[in-house]
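> Assemble the complex: chain A is given as a structure, and chain B must be docked to it using the hints.
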Amino acid sequence: MELRPLLIAVSVILAMSGVSSADAAHAVWSGLVIAENVPQPAAIPPELTKFEQTLKDLFGYNQFELIGQSSKTLRTGEEDWLASSKYFSLHVDAHGENDSGYALNLKLYKEKDILLETEANLSRSSPLVIKGPQVGSGQLLLVLVVKDDQQTHQHRRAEPTNPITAGWHRLRRAIHNILP
Amino acid sequence: MKTFEEKWTAWLDGELSGSELIEFESSLPDLAAAEAEKRDAQKLGAFLKKELGAQTLSNEEFFSHQLRERIARETEDRSRGREGRSTWWTVPRLVWFGATALALFVIFGIALLREHQPGERSEYLTQILHSQVDPAANPNATVSIFESKNENKVTVLWTEGLQSLPADYAAK
Chain A
1 MELRPLLIAV SVILAMSGVS SADAAHAVWS GLVIAENVPQ PAAIPPELTK FEQTLKDLFG
61 YNQFELIGQS SKTLRTGEED WLASSKYFSL HVDAHGENDS GYALNLKLYK EKDILLETEA
121 NLSRSSPLVI KGPQVGSGQL LLVLVVKDDQ QTHQHRRAEP TNPITAGWHR LRRAIHNILP
Chain B
1 MKTFEEKWTA WLDGELSGSE LIEFESSLPD LAAAEAEKRD AQKLGAFLKK ELGAQTLSNE
61 EFFSHQLRER IARETEDRSR GREGRSTWWT VPRLVWFGAT ALALFVIFGI ALLREHQPGE
121 RSEYLTQILH SQVDPAANPN ATVSIFESKN ENKVTVLWTE GLQSLPADYA AK
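Taken in sequence, the protein lines are chains A and B. Under the numbering used here, the first residue of the first sequence is numbered 1, with each subsequent residue one higher. Under the numbering used here, the first residue of the second sequence is numbered 1, with each subsequent residue one higher.
Chain A on its own, in the form it takes in the complex (with noise of 0.2 Å):
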């Protein structure tokens, strides 16, 4: 039996496999939104677009206005970032990486003073809102998304495109859209 063919194959999806597995830089995204019900609702936040139906049926608010962001890319899993308004923090303090996902100590702070603090397991396909203290007629809620690091896909589209790669990135598409 003919092994060559074989032994290329196994090579080049191997290759192919490290090429996917190298993708896997991750930055989580962090925000204090202010939620209000106004009578001309301004347009979400680019960030926020995948979930705002989620969070117009969760808090009942038109309006999803950003007063403060933060988005970290996590290297070692073990970074700290603030995301802070005029007078609210969020202070994110992650513990490693699992699994699952990242674990993440958070402190919301008014000013300097501790409102809220939460030790989470952030989920990679899971995002985090946080319903905070009423704001004048609106809410204050934190939200927390990982995301593909941007960088990265930057420095991805400036590549020229090798066929076997995006043929593959085809394949798996086509083959998460056809599995359940």
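Simulated from the structure, these hints should not be mistaken for lab results. None of the values given here were measured: they were computed from a predicted structure. For every residue, glycine included, the Cβ atom is placed at its ideal position computed from N, Cα and C. The reader is advised that the hints may include incorrect statements.
[Stated by the list, open to error] Once the Cα atoms are required to be at most 30 Å apart in a straight line, the calculated DSSO-like pairs of lysine-lysine come out as:
#1 Lys153(B) with Lys172(B)
#2 Lys72(A) with Lys56(A)
#3 Lys38(B) with Lys50(A)
#4 Lys153(B) with Lys72(A)
[What the hints assert, rightly or not] Here are some chain A residues pointing at chain B (derived, C-beta under 8 Å):
#5 Ile130
#6 Val135
#7 Ser137
[Unchecked claim] Non-contacting residues of chain A with respect to chain B, defined by C-beta distances greater than 12 Å in every case (computed):
#8 Glu36
#9 Ala43
#10 Pro46
#11 Ser71
#12 Trp81
#13 Lys86
#14 Pro127
For chain B alone, coordinates are given in the frame of chain A:
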């Protein structure tokens, strides 16, 4: 200087001549007996040459026959093996092999994806491990956790009873 045995052998083979032949024959005690012995030796030599020569020829033929047979057998085996290899991977077999491999891949893929039953707490959902509201500033505050039922899988930490703040706090 040749020994007697050397001269004797040479004499039997008829290789002595001239003065050497005369000298050797004169040194023999009984020339007639030696002549008789020489004839016998020559007869024996002729007989052996005849018999051994025929046998050698027979061995050569046998050896070459064996060699030809072996070459023929090996050639046949090799061609049979080549035929076997080329016929095993036929197109229909390849198609069946590919289809079977694909079916196994799909079955295992589905089995792996269905390991997480609906309703079971999935590792793909965000988990709240601990949550605490400042009890001094918000003595009546409560915290509850739930997950959205839609496809977004949003995990919600719902607080109630937090102190309300003026609208100014909504500033960027």
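> Beyond 12 Å on every Cβ pair: is that true for proline 127(A) relative to chain B?
Nearest chain B Cβ is 5 Å from proline 127(A), so the label is violated.
> Would tryptophan 81(A) pass as off the interface with chain B, using Cβ distances and a cut of 12 Å?
18 Å, holds
> Interface hint check: isoleucine 130(A), Cβ to nearest Cβ on chain B, cutoff 8 Å. Holds or violated?
Where the cut-off is 8 Å and the nearest Cβ of chain B is about 4 Å from isoleucine 130(A), the hint holds.
> Tell me if serine 137(A) is really an interface residue toward chain B, meaning its C-beta lies closer than 8 Å to one of theirs.
7 Å, holds
> With a cut-off of 8 Å, does the beta carbon of valine 135(A) approach a beta carbon of chain B closely enough for the hint to hold?
5 Å, holds
> If you draw a straight line from the CA of lysine 153(B) to the CA of lysine 72(A), is it 30 Å or shorter?
Holds. Lysine 153(B) to lysine 72(A) sits at ~22 Å (cutoff 30 Å).
> Closest CB-CB distance from serine 71(A) to chain B, is it above 12 Å?
Holds: least Cβ distance 17 Å, greater than 12 Å.
> Glutamate 36(A): least C-beta distance to chain B exceeds 12 Å?
Check fails; 8 Å does not lie beyond 12 Å.
> Compare the distance between the alpha carbons of lysine 72(A) and lysine 56(A) with 30 Å, and conclude whether the hinted pair is satisfied.
26 Å, holds
> Would lysine 86(A) pass as off the interface with chain B, using Cβ distances and a cut of 12 Å?
Check fails; 4 Å does not lie beyond 12 Å.
> Would you assess whether proline 46(A), listed as outside the interface, keeps its beta-carbon beyond 12 Å of every beta-carbon in chain B?
Since the minimum Cβ distance to chain B is about 16 Å, proline 46(A) lies beyond 12 Å and the statement holds.
> Keeping to a limit of 30 Å between CA atoms, is the pair of lysine 153(B) and lysine 172(B) held or broken?
Measuring from Cα to Cα gives roughly 28 Å; hence the hint holds.
Comparing the model with each numbered hint stated earlier shows that hints 3, 8, 13, 14 do not hold.
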